[in-house]
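Enquirer: Listed below are the residues making up each chain.
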Amino acid sequence: MTKTSMTVNGKAVSAETEGRTLLSAYLREGLGLTGTHIGCDTSQCGACVVHVDGKAVKSCSVFAQDVEGADVTTIEGMANADGSLGTIQQAFQDHHGLQCGFCTPGMVMSSAALLAENPTPTEAEVRHYLEGNICRCTGYHNIVKAVMAASGQAVPAE
Amino acid sequence: MHSFELVKPKTLADAVAALADGAQALSGGQTLLPTMKQRLADPGTLVSLTGIPELQGVCQGDAGIIIGGATPHAVVAREAAKYYPGLAALAGQIGDPAVRNRGTIGGSIANNDPSACYPAAVLGSGATIVTNTREIAADDYFLGMFETALEEGEIVTAVKFPVPQKAAYAKFVQPASRFALVGAFVAQFADGVRVAITGASNNGVFRWPEAEAALSASFTPEALKGLTLPADDMIADLHGSAEYRAHLCGVMTKRAVMAAG
Ligand SMILES: Cc1cc2nc3c(=O)[nH]c(=O)nc-3n(C[C@H](O)[C@H](O)[C@H](O)COP(=O)(O)OP(=O)(O)OC[C@H]3O[C@@H](n4cnc5c(N)ncnc54)[C@H](O)[C@@H]3O)c2cc1C
Ligand code: FES
Ligand code: FES
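Heads up: the protein sequence lines correspond to chains A and B, in order.
Mind the numbering: the first sequence is residues 1 to 158 in my numbering, read in order.
Mind the numbering: the second sequence is residues 1 to 261 in my numbering, read in order.
Each statement offered as a hint is correct.
Computed footprint of chain B on chain A, listed as stretches where at least three residues anywhere in the stretch have a Cβ under 8 Å from a Cβ of chain B: (1) 12 to 25; (2) 32 to 44; (3) 63 to 73; (4) 123 to 133.
Okay, the calculated beta carbon distance ranges per label pair: (5) B/258 with A/157: 32 to 38 Å; (6) B/59 with A/122: 28 to 34 Å; (7) A/119 with B/85: 23 to 29 Å; (8) A/122 with B/20: 47 to 53 Å; (9) A/122 with B/220: 28 to 34 Å; (10) A/14 with B/203: 46 to 52 Å; (11) A/42 with B/61: 33 to 39 Å; (12) A/156 with B/258: 28 to 34 Å; (13) A/71 with B/213: 50 to 56 Å; (14) B/231 with A/12: 54 to 60 Å; (15) A/127 with B/61: 34 to 40 Å.
It should be emphasised that the hints constitute simulated quantities derived from the structure, not laboratory data.
These numbers were taken from a predicted model, which means no experiment stands behind them.
Here a beta-carbon is modelled for each residue, glycine too, at the ideal position from N, C-alpha and C.
Chain A on its own, in the form it takes in the complex (with noise of 0.2 Å):
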């Protein structure tokens, strides 16, 4: 075991690791931040996706030591400094873009990391974006919504 530290959220922050600790358990288990969820563990739904020095990656198929000293952000760090839900949370809820909440996590980072990169993207862009994120409950039109509603542009119709 060695402590392995970097930045998440904008915390100094440290925790023990092992060499095959994996990003998703180091802020999970080691961090006790279980926003970020593991759906598949094996890359392909994006239910753990966090943003590591700005970008979208799978937290599950980085290795934790692989990442030191990066700054890393989880759905912990996307509400307003008052606690209050951030505009892209906010607009998963008025959109109704989640059900059962366990792909929301990667959905918001995923999101986050497309609107950092292209602040007005259009309909099938967000589509496209958001193609290595799997919901099981929502058939995505809710998700699209909301993303165009956090860009600030019109809703598409149903």
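Given chain A, work out where chain B with the ligands should sit, using these hints.
Expert: Okay, now just chain B with the ligands, sitting in the frame of chain A:
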């Protein structure tokens, strides 16, 4: 996953030294991590290539563009666009955004998955694979499914691409894996056309000489009329039969020619 030690050198020389005694390279990990979780790979030591500046980036060389071996797909999609749009477009179609932020060109061509995208661009462009010890022509590099000319401990440090006059990749996506069910890369150079097909053959990526000859004579979709590939050595699985894949080779090559314009 079995336990192992992870080392993260800052220079290529240190990485080569660390790999000398049987360790395995780790680049984006988008193939290796899932493989290790299934316990299909069990390295004692992993040598991360992600912290080595000399393996990163896209730049213009004397005879085309040079891409560092540990450059992620997303960087190629963005930075190669002004030099070689056909290649950048291919990189931008690999997997999904999170996979593209981690997965790298060196990892992709070292792995040589028979359904991967990059092998088609590397072979279809007649690129050169640069390693820590030598340069290997694409025609001598891909040796079959998951097999390459790389020796134990050899690292892909860069890939050099000549830039064709026109090129495009047409991918029939296998929607569950997001890999290519069949993908065709066509590239027109002053001295002829190259065509490379991925996803179809049990022997991995291959060139299609008859299509190359026809397109060298006339770079139009019509030139491919009547050309077919035998289904004998094609991959057959629940996503498509060998005959279906053989048929798709022609369809995707035509689409690539149309996309190249
Ligand atoms: C959900 C998903 C979808 C995907 N879709 C596609 C797709 O559509 N098309 C596609 O082509 N690929 C796809 N991939 C694969 C992806 O592109 C991988 O990133 C790539 O195949 C491997 O690159 P890597 O950098 O992640 O390599 P790693 O996983 O780190 O390594 C792979 C292998 O290469 C070796 N290696 C790594 N780097 C080097 C080097 N520089 N020199 C020598 N050996 C090296 C490693 O030891 C290992 O054996 C997908 C992956 C996932 C998880
Ligand atoms: S848990 Fe990481 S992609 Fe599914
Ligand atoms: S809301 Fe249930 S998986 Fe997406």
